[in-house]
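Going down the list, the protein sequences come from chains P and D.
Okay, so the first sequence: first residue is 601 according to the numbering used here, each after it adds one.
Okay, so the second sequence: first residue is 601 according to the numbering used here, each after it adds one.
No wet-lab data here; the hints were simulated from the structure.
Be aware that one or more of the hints could be misleading.
The list treats identical chains as interchangeable, and a pair is accepted whether it falls inside one copy or across any two copies.
Stated by the list, open to error - Derived pair list, reagent style SDA-like, types lysine to any residue, alpha-carbon separation capped at 20 Å:
hint: 1; residue 1: Lys838; residue 2: Lys934
hint: 2; residue 1: Lys1103; residue 2: Asn1055
hint: 3; residue 1: Lys1134; residue 2: Ser945
hint: 4; residue 1: Lys944; residue 2: Thr1065
hint: 5; residue 1: Lys1061; residue 2: Tyr1091
hint: 6; residue 1: Lys1103; residue 2: Tyr1115
hint: 7; residue 1: Lys1037; residue 2: Ser915
hint: 8; residue 1: Lys667; residue 2: Pro717
hint: 9; residue 1: Lys905; residue 2: Gln1006
hint: 10; residue 1: Lys671; residue 2: Glu1146
hint: 11; residue 1: Lys1038; residue 2: Ala1020
hint: 12; residue 1: Lys952; residue 2: Asp1160
Owing to the predicted nature of the structure, the values given are computational and were not obtained by experimental measurement.
Number of protein chains: 2
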Amino acid sequence: MTNRKALTEYVSAFTHSLVEQGVSDVVISPGSRSTPLAYACMKQEGLTTYRQIDERSAAYFALGLAKASGKPVMLLCTSGTAAANYFPAIVEAFYARVPLLVVTADRPHELREVGAPQAINQVNIFGSHVKWATDLPMPETENQLAFLTRHLHRSVQNATSEPRGPVHLNVPFREPLRIDLEQDYVSNHEIAHLGGERSLNAESRTFLQQLLKKEKGLLIVGEQTQNMPKEFWTFIEKLDWPVLADPLSNVRGNVPQSAKSLIIDSYDALLKSERFKDVVKPDAVIRVGPPPVSKPLSLFLAAVKPETYVVFDESSMLRDPQSVATHHIQAAEKNLWQLPVENKSPNAYREKWTQASHLYWQVVERHCQDELDEGVLAKVLFDRLDHCDLIVSSSMPIRDVDTYFQTTERDIMLYANRGANGIDGVVSTAFGVQAAKKRPAYLYIGDLAFLHDMNGLIASKMQETDLTIVIMNNDGGGIFSYLPQSQEELYFEELFGTPTGLKFSDAANMYDAQYLSAETAEQFAAALDEPKTKPVKMIEVFTNRENNVTTHRKLWSRFDEELAKR
Amino acid sequence: MTNRKALTEYVSAFTHSLVEQGVSDVVISPGSRSTPLAYACMKQEGLTTYRQIDERSAAYFALGLAKASGKPVMLLCTSGTAAANYFPAIVEAFYARVPLLVVTADRPHELREVGAPQAINQVNIFGSHVKWATDLPMPETENQLAFLTRHLHRSVQNATSEPRGPVHLNVPFREPLRIDLEQDYVSNHEIAHLGGERSLNAESRTFLQQLLKKEKGLLIVGEQTQNMPKEFWTFIEKLDWPVLADPLSNVRGNVPQSAKSLIIDSYDALLKSERFKDVVKPDAVIRVGPPPVSKPLSLFLAAVKPETYVVFDESSMLRDPQSVATHHIQAAEKNLWQLPVENKSPNAYREKWTQASHLYWQVVERHCQDELDEGVLAKVLFDRLDHCDLIVSSSMPIRDVDTYFQTTERDIMLYANRGANGIDGVVSTAFGVQAAKKRPAYLYIGDLAFLHDMNGLIASKMQETDLTIVIMNNDGGGIFSYLPQSQEELYFEELFGTPTGLKFSDAANMYDAQYLSAETAEQFAAALDEPKTKPVKMIEVFTNRENNVTTHRKLWSRFDEELAKR
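So here's chain P without its partners, still in its complex pose (with noise of 0.2 Å):
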């Protein structure tokens, strides 16, 4: 694609989508770092175009046309100076709350702070007086229109939703900045976004209500950190569709015997499987809660492209990394669980699901009779839980929990970090949950995170607690080693290994907390069964970073043999 190409396509895909989403007029000031978006505003069917060449007076223009219109406008102006005139205007919607769409012309980077003419900072220039702000990046790669559709979006969202107000995007050009006039574009980039506030619209109600009907259909659940309502249990039941549930998802916990086939605990593995991923494609997929964990799951995703990829999020900000999802209701989830849904039981596409799962829990059970790795002995931990929260850390724990925790009725719920999925405060967390919810609580965390927080165990010198810490510790960064880097042996083990050579008795005499040692999973049952003396009991399990590796990808690969079977 020439360069040209690319900028005629974003620019267009620009004005396109801001039509789409209800936005009807533009007001311009003249300048050239503006001129492709300038064009394509020209050229944008549905898009009334203002000029005015002061850009304070275009911004309190705009206020004026926006305030009685009731609808976004958008600003268009070229590098420089010209930005900050939009200010007097920009203050004065803030606090009016008026929605504006204060789109910057800008240098590209290489050409920001050296001196370059019109070339001013401009990121964030309009400080705390813009509901959001955002760099855009160049127009020069394909794959990127998806991401700016959303952004648009998801700007338009952010100044139209209650309090009202402009939000700032600053778009970067590089020259030259012509656009071919005559490139048609078409638009399939574009999300749909429906439902309102807090509850569902008619339109999201209708739309909805056509897309449960189908058979084909995944619903998935992200983290949740309460209880699902008794209605989710009803509705899934009624709807018969698989429900991919998240580690965090909280319903693999909790499970009422008649869902129980419902829940599928096994995609990250299942969707390892070519030969089961050519079976199962989905017509339509909902999602509730932040994407899982599963990268298998959002690679079928991206590659599958469903119809109909609806995702719930109560946030203007989309978390939808992949581009995937084709509609966003903006609005609780709660509501899906309150529409009318027949019922389809039994479903067979739900029964293919169902039952690839339970083969994989048999081959599961085989691979822990003859393997030991850190997944094997999490699950002599899982099996174990009840009545009691279970807090896991980021990088391998959490996967150890998607590949080995199975749905049961036993009552327990899990938590961890996963907003920005740091490594550390995990144990500070976990204390956190145990004082939140005055049960016994579990963390499980690897050698590295704990070593980060250890400090946080200081809380139990100040405070009740009843905590259990089961460390895996395999000397260092362990989900590293699943890493294409891992093949490089040069520095590897300096960058990315990071063995520290720990041993962490000390610490819990420390903190005078008791512990216990395994390195079988024989030793670390008998460790969880041994009755608890004091606030924290800790057991570290002592394992082999590189076996961990070679039985994780021995379990896929016979589980794939197993499916082939059938």
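Let chain P serve as the given structure and place chain D on it in line with the hints.
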């Protein structure tokens, strides 16, 4: 003082101070909130006022004025979008490097962000396009004029130092806004700014040469991270003023025999004695480096208010929290050592200090034989050190150095984190110092600070090191015992004592460090003398918090008694 009087004084000091520093032009845009300053500008001698209704034009006009005159120009506007209209010209001034003092009047804090008219968020409103921004205090109380004039001083210095540029002062006013036009203003809060960028100008040289002729002079040396040059020692020997050497000045170690009587290492203790303070009032003070740790010293200077108090500080942020300095020389302190100075030794004033200091160390000797506290133990450490570096944590350890570290010819340098005085990260900083200096290092640290950065010990696993860590374990926040709230028993231990009951032998085990402990001076000395067998040697000294306070106080009263006998 009535509100009107305070308001009048405040704005009079404001304009007076700017004129003193060479501002001769102000561009005023009419508005209500800026009324007090607008009147003060009109009344101010030496200030030419221009008026311009449109703030955008006003700012561009001021830009032209400043550009052509080469002098900083003041802008004054009311609250609200008036400020936002300055933005284009401010951006231009920032990149064109033109000095502007942008003064925006603001509502008082209780009218911000509550929907009051013309009240927008003006704090840091110009973002990264001003060199510096500050939100000034309301004109309400006495004693804030010195703070105000120093801030104005800093503003002008900042705007006019290379690269020059705009500076923003946000000034809140509460109604009523009328000032008393008859009220006279006598400036007595001005600080003189002398001297240029890196070297001294002629004015500074002449001024300093006169000053150095005085007998009753003090040279205060704050933190230095490199050894003083030879010129320093020659300079102070001729000058023969007492040199008050902060623990981090690094002129208490590596001291030539000939200079030993000049270095006053005991001033923190001496200046606790009212008797002594009465007889050593200085006529002149020169300080280099940041303000010393010693609270008695800063109280002494604030009470004495020396006629001339010169501070060398290369930054426009003058570090002078009590506003005692009379002259700010914004130049490198090495210029001072290069000035010619007549030999006035022996100086009777200096000898008073030397004798008192001598007496102090005699009292300390006896005290160390009779008592046992952290300071006494610290002296055991300090007296042994040679060819090494000593890192000390904030809070009590740095104060122990102030009280017990005696001037020595031995080769020892001291380091601490006093930029923000945090207790975090000290262990890691010590490893960093050792890695740079590549010779044995000692860390002298309290138990809380050690706990805070225990993770830092992992450095010993990653790189070569040679560190001895002395932990003063008094089970909690020792320094709080010296504060007034320690008299209030209720909640004190929970809130301030923060006892953890931790012992650190386990930490030593975990990180494979050599571990020794001590409770008496003899045991501690033996532990220090014990050969080092690991990269990290840890000596934990168990002390008693309450005892530390009482024996410290005993030392000071003992010294005062001895002084009375002379």
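Evaluation of the provided hints:
no. : hint              : verdict
1   : Lys838 - Lys934   : within (16 Å within a copy, 83 Å between copies)
2   : Lys1103 - Asn1055 : both (15 Å within a copy, 14 Å between copies)
3   : Lys1134 - Ser945  : neither (49 Å within a copy, 70 Å between copies)
4   : Lys944 - Thr1065  : neither (47 Å within a copy, 70 Å between copies)
5   : Lys1061 - Tyr1091 : between (40 Å within a copy, 17 Å between copies)
6   : Lys1103 - Tyr1115 : both (11 Å within a copy, 17 Å between copies)
7   : Lys1037 - Ser915  : neither (27 Å within a copy, 52 Å between copies)
8   : Lys667 - Pro717   : between (35 Å within a copy, 19 Å between copies)
9   : Lys905 - Gln1006  : neither (28 Å within a copy, 75 Å between copies)
10  : Lys671 - Glu1146  : neither (59 Å within a copy, 69 Å between copies)
11  : Lys1038 - Ala1020 : neither (26 Å within a copy, 38 Å between copies)
12  : Lys952 - Asp1160  : within (15 Å within a copy, 91 Å between copies)
Of the numbered hints stated above, those contradicted by the structure are hints 3, 4, 7, 9, 10, 11, listed in ascending order.
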